[in-house]
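J.: Given next are the chains, with one letter for each unit.
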Amino acid sequence: MNPQVVNAAEQVDQAFAVIFGISVLMLVGIVGCMLWFAWRYQRKRHPKAADIHGNTLLEILWFVLPTIIVLGMFYFGWTSYQALRSVPADAMTVQVTGRMWSWAFEYPNGRRAAELVVPVGRAVKLDMTSTDVIHSFYVPAFRIKTDTVPGMQTYAWFRPEEEGEYDILCAEYCGLKHANMLSVVRVVDHDTFEQWYRGETDMAGSHGPDPVAVLENQGCTGCHSLDGSEMVGPTLKDIWMRETAVVLPDGRTNTVNADEPYLRRAILEPGTEVVQGYDDIMPPYEGMVSDEELRVMLHWMKGAAAPAPPPGRQIAENEGCLSCHSTDGTIIAGPSFQNLAGSRILVLDNGAEKEIVADDAYLRESIVQPEVLLRKDYDPMMPAYDYLAPNDLDALVEYIRTLGEAP
Amino acid sequence: MTQQVASFLEPPTEAGWLRRVRGWIFSTDHKRIGLLYFYCIAAMFAVGVVLGLLIRLELIAPGETIMGAQTYNAVFTLHGVVMIFMVVIPSIPAAFGNIFLPIQIGAEDVAFPRLNLFSWWLYMAGAALAVVSLFTGSGPPDTGWTFYVPFSSVTTTNVDLAVVAVFILGFSSILTGLNFIITIHRLRADGMTWGRLPLFVWSLYATAWIQLLATPVLGITALLILAERMLGMGLFDPARGGDPILYQHLFWIYSHPAVYIMILPAMGVISDILPVFCRKHIFGYTAIAVSSIGIALAGSLVWAHHMFTSGMSDTAVLVFSLLTFIVAIPSAVKVFNWVATMYKGSISLEPPLWYAMAFIVLFSIGGLTGLVLGSAGTDIHVHDTYFVVAHFHYVIFGGTGFGMFAALHYWLPKVYGRMYNKFWAVVACFILFAGFHLLYFPMFLLGMDGMPRRYYDYLPQYTDMHELSTVGSWILAVGLVIMTANLISGMRLGRRVGNNPWGGASLEWTIPSPPPTHNFLEEPVVEHGPYDYAGIEPEEPSMRVPHQAAPTRGGQA
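Note that the protein sequences, when read in sequence, are chains W and E. The first sequence begins at 1 in my numbering and counts up by one. The second sequence begins at 1001 in my numbering and counts up by one.
Derived by calculation from the structure, the hints in this document are not laboratory data. Bear in mind the structure is a predicted one, so any value in this text is a computation, not a measurement. Mixed in with the good hints, there may be bad ones.
List time: in silico BS3-like cross-link candidates among lysine-lysine, alpha-carbon distance up to 27 Å [unchecked claim]: (1) E:K1422 / W:K48; (2) E:K1422 / E:K1344; (3) W:K48 / E:K1344; (4) W:K354 / W:K376; (5) E:K1422 / W:K354; (6) W:K302 / W:K237; (7) W:K44 / E:K1344.
Construct the entire structure; sequences and hints are all you get.
T.: Laid out in C-alpha cells, this is it:
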C-alpha cells in the first residue's frame, strides 16, 4: 500500500479493525465454550467424567491456527507502522522541541510558536528532540506518537485532512506537570496558513507580538502563572523589582530586587540564581529566545502599573554598576549601595586610614575618581567613570540616596 | 489420616511469646516461610489497593480532586513499585510455591532451607527500605515504577533509596528461583518423574529460570541509576555521550520477562485447579508443560515491544513485533487446553473453579488486547495510554491476582485445615468480577481515545469513562473486603476439613491438613500422575448438597 494514497492513520485503523475483529471472535469462542461446558457437564447432568488425556491432532491444530492468525496480525501491524514511518517527499518540516512542560515548534523560516499551525491537506514532517528529559509527542487524531529524546532526533509525520483543532499530549511521564504538557494542532486553510507563516497574523488575528502570547509560546506560562497563583515556578505577576531570595550555585543565598539584569539572567541562565524554595529545573533560554521576544517579555514584566524606576537606576544598569554593587545590602565585589549615602565609612587616603561620612561630594568623587579614596577591605578594581555627563552623575547619586540614607 | 501429628502451625509446647515469634521469623520450614511471605504480600497488597483507590478517586473529575500533582505522581509511583516488586512478583511463587512446591514433589523441604529464610529476610529488608524511602530525603520518589532516565537521574526526590530497595528485592527473587530449580531437579520423591510433576511445579520451574537469568539485569540497571545519580557517570546522558534509550533496553530486558514471572505461576495454579473440579485429567499435559517453557524462552526475547515509540531503529521494531506475536502462541495453547479440560468433565462449581473461570475470561481479554500492543502500527497509537493500563491490569490483576485468589480458595483449607464459607466466596467472586470490568474496561476506551497514562489532570472529553472507572474501583473494593473477611473467618473459625476436601490427586492432598512439620509421615512413593482421579473422591460436600446430608469424614483434632 502506498502511504501517499492511503493515509497512514487509515491504515492503522484497518489494523485495529482486523485485530479487534479476530480477538472478539476468539474471546466469544473461548468464553462461550467454557460457559457451555460448565453448564452442560455439571456433575448433576454428567456424573461421570470422560477419560480424555489429550488429542495430538487438536494440539497441532491449535498451535498452527494461532500461528497463522498472529502472523497475519503482525503483517497488518507492520505495514501500518511502515506507513507511519514513510514520509512523503513533499512534506513541510517543522522542528519540535519538548521541554518541561511545553512544546515549541520552529518553522523553516524561523517562525516559532507554541501551537502547531499547519495547512490542511499538506503532509507535515516533525523533526523532534528534547532539551531536558524524555517526552512523547502524541496526537491521537493522527495516530502518531514519538518520544522526544534529549541528544537525539526522532521524527513523525501526518497529513491533516480536515480543518480543526487536534489535541497534542505528552505521553511519556516527565515529572510534575506532565499532565499539563498540552498543545494543539491547528489545521487551517492554505491562505490563512500562509499569512500566519509570514508573521502577519497570530492565530488571534491581531498584529505585532503580543507579550502574553510570547510568554505562552516560549512555554513560560507552563510553570509561571500570570495571575499570582502558585505553580512550579514563581508567579510573573508583579515580578518587577520584587524582593527575591535566591540560591547561588555554591549554595549561598542572596537577596535581590528583580530588576532588568536579574530578570534577563533568570531567563537566559536560570541556574545561576535560583529563587529560594524552587527546584533548579528551568531550562536555560540562551539562544532559545530572540532579542525582540526577550525585550517584549521584560517590557511586560515591568508592567504598566509598575513604578517608573528612577532615572539613575537606568544608568546604574547600563554602566554595569550593579554587577559589583548590590542594591540590597549584599556584598558582591564592591560595597552595597543600600544605606550607603550618609553612612560613616573607613577609607584609605594614600595609605592612611581615616573615617569619613559618605556625603554627596564623596559619592560623586568615588565614581569619577575612585582611586583617590579607596574603601578599606575592598580591592582597588573599579574603573574611573570620568566620562559621565554631569546630570547623569547627579541622577546616579540621587539613585544611591533613594536606596537608604544612614541617619 | 487419623494419626495425631503436630502441624507446622503449632508452636512448641509451653513456648513464650518471644520464642513463638522467633519460631516463625527464624524458621527454615518452607511452609512457615511461605506463610510469612503470604502475610507480608497480603499487607503490601492492602497498601497497593489503597493507593490504587486514591488514584481512582483523584481521577474521578478533571483537575485537583483530593491531592496535588506532586502527591499524585508519588502515589502512582508507589502503587507501581509496591504492587510489582512487593506483591505480584513474589505473590504466587514465594507464598504458594514455597508452601506447596516441596510437598507436590514429595520433598521434606526446599534444597537450601537457610537460603530460603535469607531470601525472606532480603524481601523484608527491601520492603522496609522502600517504606523508609517515602519518609526520608526530599520526598517520595515520583518517577513511576519504570525509573526512566533522564528524569530519574535529575529528580530531587528520594529515588536512591527506592532503587536500593528494588536491588535488594531482586536478590530475594534470584535466590528463590535458584532454590526452586535445584529443589525440582534434586529432591523429587521416588516415582516422581518429570512427566508426573504437577503443572504448577512446571510453571514454577519455568518461572525460576527467568528469575535466575533476568533479575540480575535489574540489579545492574538499579546500580547504574545510582551511579548516574551519585557519581554523575553520564551513562544515560547524551550531553556526555550517554544514551537514554540504553536504559530502556536494560530496564525491559528484566521487566518484560518479569511479567512472565508474574503470570506463569498463576497459569500453573489454574492448570492444577481445573482438572480437580472437572474430575478429569488435564487436557494436553505435555503441551501445557512445554508451553510454560516456551513462554519463558520467547518471553525473554520480546522486551523492546515497550519501546516502539522510543526512537529505536525500525528494524528493531520489526524484529520485536514479530517475536511478540510468537509469544502469544504458547499462551493461546494453554487457554485452549484449559477449556478442553472442561469438555465432558463432571464439573462441580466450587469457589476455586469460579475464580479459575474468572481468570480464564480476564486473562483472555488481557492477552488478546496484548496483540494490539504487539502490532507495531497500532501500538504507536495506544502506547503509554490507558489502553496499556487496562491491558496490564487485565493480565496482572485479572490473571495473577485472580490466580492468587483461586489458589487461596483452593489451598487455604490445606494450609489451615479449615473451610471458609463457600457461598460468600462465590458472591465475592461475582462482585470482584463485575467491579473489575467496570474499573478497567473503560480504560480501554479511554486509551483508544488517546488518554495518556500517568496524568494527574485530563481533558474534559475523558471525564465520563474516568467516572465509571472510579465507581468500578469501589465495587471491586467491596468484593475484596468480602473475600478477605470470609477467608480470615474461614481460616480461624471454619469447619475443619480432612486431608483431601476437593479430591485432588497430587501429593499435598495425601497428607494431613494442616501439613505436619516434616510434610510426610513416611517417605512418599509416587505411583500415579497428578491428574489421575481414579479411586479418589472429594471429602468435601458439594456446595449444592446440604452439609448434614453429606457423609462426615474424619477431620483431625
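J.: All hints, please: hold or fail.
T.: Hints, one by one, checked against the model:
1. Proximity of K1422 of chain E to K48 of chain W is assessed by CA-CA distance (about 24 Å); at most 27 Å being required, the pair is judged to hold.
2. Between K1422 of chain E and K1344 of chain E the CA atoms are separated by roughly 25 Å; this keeps the pair inside 27 Å, and the hint holds.
3. Distance check on the hinted pair: K48 of chain W and K1344 of chain E sit about 9 Å apart at the alpha-carbon level, within 27 Å; holds.
4. Straight-line distance between C-alpha atoms of K354 of chain W and K376 of chain W comes to about 9 Å, which keeps the hinted pair within the 27 Å bound.
5. Simply put, K1422 of chain E and K354 of chain W have alpha-carbon atoms about 99 Å apart, too far for the 27 Å limit, and the pair is violated.
6. Proximity of K302 of chain W to K237 of chain W is assessed by CA-CA distance (about 10 Å); at most 27 Å being required, the pair is judged to hold.
7. Taking the CA atoms of K44 of chain W and K1344 of chain E, the gap is about 13 Å. The hint holds against a cut of 27 Å.
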